[in-house]
Amino acid sequence: MNKNHTMTVRFLLGLTLGLLPLFAAAEGAKLDETPIPTDQASIQRGAEEVITVCSGCHGLKYIKYRNLLTLGLTKDKVDGWRGSHSMDASLPPQMPGEIAKASFGVEPPDLSLMAASREGGGHYLYAYLTGYHMEDGKLSNSVFPVTRMPDVLGLSMMKDPQQRAKAEKTAKDISAFLVWAADPHAQQRKHMGYYVLAFVFVMTILLYLWKKQIWKEVDRQPKIE
Amino acid sequence: MIKKTISWIDQRFPLTAFVKHELTGYPTPRNLSYWWNFGFLAGFVLVLQIVTGIFLAMHYKADSHLAFDSIQHIMRDVNYGWLLRYLHSTGASAFFVVIYVHMARTLYYGSYRKPRELLWWTGQLLLLLLMAISFMGYLLPWGQMSYWGAEVITNLFRATPFIGDQVVVWLRGDFSVGDETLTRFFALHFLFPFIIAGAVVIHLVALHTVRSSNPSGINLADKDNIPFHPYFTIKDMFGLGVYLIIFFIFVFFYPNTFIEAANNIPANPMQTPPHIEPEWYFLPFYAILRSVPDLVGGVVAMGLSVMIFAAMPYMDRSRIPGGARYRPWYRLLFYVFIADIFLLGYVGAQAVTPQSIILGRVASLVYFGVFLVLPFMSKVEERMLIKRGLPPAVKELLEGEKA
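Sequences listed follow chains L and D, in order. As numbered in the numbering used here, residues 7 to 231 make up the first sequence, in order. As numbered in the numbering used here, residues -19 to 383 make up the second sequence, in order.
The following block holds chain L by itself, in its conformation from the complex (with noise of 0.2 Å):
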C-alpha cells in the first residue's frame, strides 16, 4: 500500500466517523450502568424476591421449579415455594390474568424473558426499579413512564440512605434473577467459551506454523506484484 492510498483510506474513514455523531439521535434515557451481580448468592437473593413478592402478578412460564435447583437453592425451600405444583411446573403468577387486569388496566407481563427483551437488558430493570419518584405530586417512572406497575420496592417515598441503599441492593438482585432466567445457560455457554478458544487458538497457530512449512519453497521465490 503506498503513502497516497494509506491517506486517502484515513481522510475516507475520518470524514464517515465525523459526520456521524451530528446525525446521531437522541437515545432516550441513558441507563446507569451499575453492574449487575452475576454471583449465586445475589441470584437466589434475587429468586426468593421474585418468587415472594413479583409472581403475585408476574409469572415465568420458561422458568420450571425444577430449574431452581440449578441455582443451588434447597430442595425444601423450593417444595415450600411450589406448594401441590408439580417440580416441572413453570412458576404462575398468584393472580389470575383477567383479575390482574381488571385491577391494573393491564396483565402484568410474563418475566421470564424481560432481560432479554428490553434493551439494555439487567441495566434497564434495575433502572426501571429503582426509576420510581414523585412529579408534581403523583407517581412516575424515569424509564418507563406509562408503567402500570405500582412502586413495588417503595423508592419513590424513601428518604433514609440506609434503607434507600437496601432497596437498590435488593432491585439489583431481582435484576440478576430475570438475566439469569433469561438466559440460564450464560455460565455455562462461557465457560465452554473458554476451552473452545483455546483450542481453536492453539490449533489455529499450529495450522499457521504447518502452512510456512508447506509454502516454504514458494516463498522463497521473488514476490509477485
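One or more hints might be untrue.
[Claimed, not checked] Stretch-level coverage of chain D by chain L, calculated; a stretch enters the list once three of its residues show a Cβ under 8 Å from a Cβ in chain L: (1) 50 to 56; (2) 196 to 205; (3) 232 to 238.
[To be verified] In silico negatives: residues of chain L with every beta carbon more than 10 Å from chain D: (4) W87; (5) A95; (6) V152; (7) L161.
Honestly, the hints are just simulated from the structure, not real lab data. Beta carbons: idealized from backbone N, C-alpha and C, even for Gly.
Following the hints, put chain D in place on chain L, whose structure we already have.
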C-alpha cells in the same frame, strides 16, 4: 488393497481424475492474498448453517402458536440447544460478513472482468438466494421483529404492476402475515439450502473453468501457478482457524449481538413496535428504499441497488490490469462506495427524522452516482494511464508472464 479399490472405482467413475483436476492438479496463482480466503469461508459457513439448521428443525415447531415457545424449548431444555441456535443465528450474520468481503474483494481487484462474467453472475444469484433465505429464516422465531419485518417486506410486493395486492396475499397465504406465512417460510427455508448448494456447485464449475483471478490482474504463466492442494488447502485451513476465533467469540460471549431485543417478545399482530428495523445486513438497502418517497420507486431503487452489481463487467470499461491497484481513480471510487455503504447502513438503523432523510438521499445518490460515473471514468482513466504508461513493475510482470 487401497490401490486396487481406487483402480476399481476409476474404471467406473473418474475419481482420480476428478481429484487431480479440482485439487492436486488445479493450478492456482501463487500470489493470492488472504482476501482470497473468503470464498472457502463462505462454503464453510454454508455447511455449518445446513448442519445446525437440520438439528434445529428437529426441535422447532412451525406453528404460530408454538414457534416462539419451541425456540425457548431449544434454548433451555434441548441438550446444547442454545449452542445450536447461537451457532445458527450468529452464522447468518457471519455469512453476510464473509459474502460482503468476498464481493468487495472481487470489486477491488476487478475479478468480475472478462472472462469471469458468468462466475460473477452466479455469485450474484447466490447473493439473492442468501438474502431470501435469511429473510425467511428470520420469521421463524416468531418474535415481534420477525413478524413486523416480514409484514413490511412482503408488503413491498404491492409494488408489482397490476396484480400487486394479489401477489402479496399469494406470498403470505393470508391477508396479513400469519400461520400460513410461517409454515411456508419454514418449508422454503428448509428447501433453499439445497438450491444454494446446487448454485455453489455451478459457481465452482465456472471458477474451475476460468480459474482464480489474482491481485496482479494478469493471467499468470504456468511457472507462477501452484497446485491447490496442498498449498491452498492449508492456507484455507489457517484462514478458517482465524475465522473461527472471531466467530466463537461472538457465539460464546456475545451471542445476542445479532438478536434484536424486541424479537424476544412474541409476535403480536395488534401491536406495532415503535421502531421496525431489518437485520444489519439489509440496512444499506433498506435506507435506499426509505430514501424514495414513493413505494414503487423505492422498491425499484432497492432492487436496482442489489442487482446493479451484475452490470459491473460492462460498466467497468477499462482494460488496465489489476483492478484498483494500478487505477487511482477507480480505487478512489471503490473507497467512496464502501464508505457510502457504511453511511447508508447507519441511516437505515435510524428512526426517520428530517436529517436522516436528507442524509439517506445524499448517500443513495452517491451509491448510484458511483455506478453512473464508472463507465465514463474507467475509459478516461484508461486513456490517461496508457498515455502515462504502466508502472515499470507491471510492465516487467507482463513481460515475464508472456513466456
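Against the structure, the hints come out as follows:
no., hint, in the structure
1, 50 to 56, "holds (count 3)"
2, 196 to 205, "holds (count 3)"
3, 232 to 238, "holds (count 4)"
4, W87, "holds, 19 Å"
5, A95, "holds, 14 Å"
6, V152, "holds, 12 Å"
7, L161, "holds, 25 Å"
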